[in-house]
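Just so you know, the sequences run in chain order Y, L and A.
Numbering (the working numbering) for the first sequence: 459 to 1116.
Numbering (the working numbering) for the second sequence: 1145 to 1395.
Numbering (the working numbering) for the third sequence: 348 to 578.
Certain hints may be false.
[Stated by the list, open to error] Selected chain L positions facing chain Y (in silico; Cβ < 10 Å):
hint : residue
1    : 1179
2    : 1180
3    : 1289
Keep in mind the hints are simulated off the structure, nothing from the lab.
Small disclaimer: the values here were computed from a predicted structure and weren't measured.
Positions of the beta carbon are idealized from the N, C-alpha and C atoms, including for glycine.
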Amino acid sequence: MSELQQEPTAVQGEGRYVLGDPIADTRAPDSPVADRWSDRKFSAKLVNPANRRKMSVLVVGTGLAGAAAAATLGEAGYHVKSFCYQDSPRRAHSIAAQGGINAAKNYRYDGDSVHRLFYDTVKGGDFRSRESNVHRLAEVSLNIIDQCVAQGVPFAREYSGLLDTRSFGGTQVSRTFYARGQTGQQLLLGAYQALERQVHAGTVEVHPRTEMLDLIVVDGKARGIVTRNLFTGAIDTHLADVVILCSGGYGNVYYLSTNAKGSNVTAAWRAHKRGALFANPCYTQIHPTCIPVSGEYQSKLTLMSESLRNDGRVWVPKERGDDRDPNSIPEDERDYYLERQYPSFGNLVPRDIASRAAKNMCDAEHGVGPGGLGVYLDFSDAIERLGRPAVEAKYGNLFEMYERITGDDPYEVPMRIYPAIHYTMGGLWVDYDLRSTIPGLFVGGEANFSDHGANRLGASALMQGLSDGYFVLPTTVADYLAAGPFDEVPQDHPAVQEAVDSTRARIDKLLSANGHRTVDSFHRELGQLVWDQCGMARSKEGLEKALDRIPSLREEFWRDVKIVGTGDGFNQSLEKANRVADFMELAELMCLDALHREESCGGHFRVEHQTEDGEAQRDDDNFSYVAAWEYTGDNQRPVLHKEDLEFSYVHPTQRSYK
Amino acid sequence: MKLTLRIWRQASPEAKGKMQKYVLDDVEPDMSFLEMLDVLNEKLVIDGKDPVSFDHDCREGICGSCGMVINGNAHGPQQYTTTCQLHMRHFDDGDTIDIEPWRARAFPVVKDLVVDRSALDEIIKSGGYISVNTGSAPEAHAIPVDKVSADDAFDAATCIGCGACVAACPNGSSMLFTAAKVTHLGLLPQGQPERQSRAVNMLTRQDELDFGGCTNVGACHEVCPKGIPLATIAQLNHDVLGATLTGARSD
Amino acid sequence: MVITPQRNIVSRTWGTSVGKKSVIAVTGAIFLLYVTAHMLGNLKVFFGIESFDAYAQHLREIGEAIVGYEGVLWIARVVLLSSLVLHMWAAFSLWYKAKRARPVGYQHRQRWEGSYAARTMRWGGVIIALFLVWHILDLTTGTVNPLPGESSAYTKLVASFDRWYVSLFYILAVVALGFHIRHGLWSAIQTFGANSAMKQNALKTFAFVVAAVITIGFAVVPLAVMTGLVR
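So here's chain Y without its partners, still in its complex pose (with noise of 0.2 Å):
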């Protein structure tokens, strides 16, 4: 792939990429795909448990996919090493998910089976995920469920001491287990025990409040990481015979998001830059129930459970510009737009149409609240229809929740949502064993691309973190391992010295802008723009002017930019100017992608490529595959490697929801 790249064949979309040699999936064995998981494990090569205590692995993030994967190859024997920037690995973003966990146990009996996990994750991803990774999701699933169990996850139970599971994102299926509101935080907490015993066992080392700042490769391989102690601010090396990456998605680029202050993209943008290819950036996902904006200093978003979208009513005044309040609108003024535009499926529209929806009548200034950028989400029918006592048992917390946030009381007056992003299903490219394009290099969970294609479903994040952590790369790390252990790696090694020099300069020159801007200001400048013009719905002139814009912008912050303090020591802005740099980089390849893809798929919309509805319309011909980018240099014309995506399982149809 490398020798073709030097001759590019031809100069695509207006000079702003190159088109390289297609890529390809070559660890999926060709069997049936129900049978591919089984088959792989099969032939993947085992390691003597004697020599795994000479090999040692470096876990970055220790989320559901990074504790998990650390737990599991510590079990196996491995020397594990997990790095975290939290102060804990309990900490890690995974903790805030709130909805579920799918797995086709079909404990309701109600025709869930792995092939309809399958099936609905491929359908849900409009089409632009691999079929064979999917499957062995579905498959995994039902391990995950035991494993949690016998971990003493507290999942949500009925009286007969059985697991409860509820339908979420519009399955027709029961599938997805819980507990309460905070499953997200049950299932980490597990892993994160897990994690704990494998550190008290010593076949774990845990590395709290340490980023990872760069990757060291070595002929060819990744053999370590370059890391910042966040307390003392010391760089140091770790060296290792395989890497692997589980540090979460990108949707912090935005600025105001529903991830957590600290989620950054600069793991797997190193990476990237030292040769793993970035897939789908632009595959971004936004939720339609978030608490809105408040104001100028707002600093992050919250999201509330869409199961609010079962009870509450969607509308905004008719009347353009209306600040009434909104319980003295009469009835006849009001627009219940998705109850209009969309009859068959009302207020429970997808995600992404009903997040859409609510940005076009926002545009259209219809929207409320501050700035014009809010809907109401009405409980007055559903509490005069239920009785109050009846919706409070159902949505009680996030009531609460709302009102602590807000301090307005949705019983009386109607919420204010407006969608927010809160997943990013792009990430780095990898094939079925989760190996990247960088050989030694694994990436686990939101930070690969792999399962989710262009729109996750709801309650699958969890199961991709745990499938990946607990049960793939386990299995294909060793395979990759039993080739080792390899040779050691000198800590005096040129490309060691290279990594660790090239962050001190990056660190040195990030210190001595000594400018007039925080950090935050622009973060806040580039999240604005990339939510403008690669959000909800983009279209090519809009990309084109924030691929004008970036690189100015990226250029003033190098400049200009403020960092009060040295690297010496705990400084919170060094910290965050660092993730925001990456940030500044990773914002033009997403406009990139979002720009070359020439279809609306998924989370990914854009307005030029439509149904006379409005609805996002694929073009399966010219777009079916995964879009690889490949880094070769700061400001230098990305390579883009299409992988061509088959389906033999489930054929390709056109969504719709009217």
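For this one, chain Y is given, so just place chains L and A on it according to the hints.
Same frame as chain Y, but now just chains L and A:
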């Protein structure tokens, strides 16, 4: 709103700290407490001064990163609320607000309002888990769990590990934190085999880590953003005394 | 696995903070039983001098055939004294641990979180201990009693409480005792693991009632002497 803030500033673990006064003129009631500090920090940075360091991450009350003692109360005046979810509408124009870090020997100050809470991980490490290897789990429905136990276990399991219990306890004890985990796992059938050894190992580790002992004051429960019941401590005591009588310990 | 040194039950118990607390709880329970009996005995003062003195005499004669004159009393004294040593030792050790646990205090003092009684256990305990010294010197050894040592228990009691400051100190001490019991009883129940979210309020009420009954039961005696009800 105009507010006077008195914030604990301490440059490094070894440095001597002190309360420093700041005045903010333009605080909005809809701001969260941390957003108010963001506004202060933006001003400080522009003025070339070191911004106030404080821990925070999810800002939706679940990661447990944030935590400061606000006017003497861990997480501030609103019950069942983490600092990140506390909003400025709970304060009045002209108020003076004292902001201090968690205070405990086991939580040394790193900088300003940031403390090192790794002692809590140490407690979990000493036994806060069920020893099951990946892949060895039986079918999930093989062991039913009565709903009451499952719900009570969940209530205890909601602990976010923020450390407010330690900050508020007059004894500087992490008893509620330890008890929450012991209760969560001890109520489930899966947690029975290690129940006594888990309790005594975790408590022993807590004792070694410079936390104080519990005297059932109850301040921990009052400040706990998740309302972990005080009765979890009874469960811990019960299991520890059981282990003391039988001599159960795993190491 | 490593064999730890804590293999016998004494070191296992003394080795953890909960173990020490259980020592406080067990010894506290002994005191509670003792003060309950003591209070009931005190109330005999309302039945007159003969009844009270006979009771006092009887205490010396219980089990005389087996353990000799005043034998039971001495056994009780030894048990109480060793309980007291253990109770205070464990409490002091936990107090020291707590003090160590927060080397730097808060600038803005916290409001009273948790119950008031809980926070006053240590000073309340000290007040009770000081009182105990006086009380023994006054009514057991008679050292600070106005009457000579061979006087009847009843007359010594009346003579002592005739001094208003003694009565006041006594009442103060039994109020401190009440606070101590109120938190101590509930705390002991919690330490033995018998609390639950459902029972918590009931248990706290129970502890309050026991504390109130004992406080009143003790306080009525000096009050009766001061008001002239008992002469």
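Can residue 1289 of chain L be said to touch chain Y, with a Cβ gap under 10 Å? The hint holds - residue 1289 of chain L has a Cβ within 10 Å of chain Y, the shortest such distance being about 5 Å.
Hint status (Cβ of residue 1179 of chain L to nearest Cβ of chain Y, threshold 10 Å): holds (5 Å)
Going by Cβ atoms only, is residue 1180 of chain L closer than 10 Å to chain Y? holds (8 Å)
Hint check: no violations occur; every hint is consistent with the structure.
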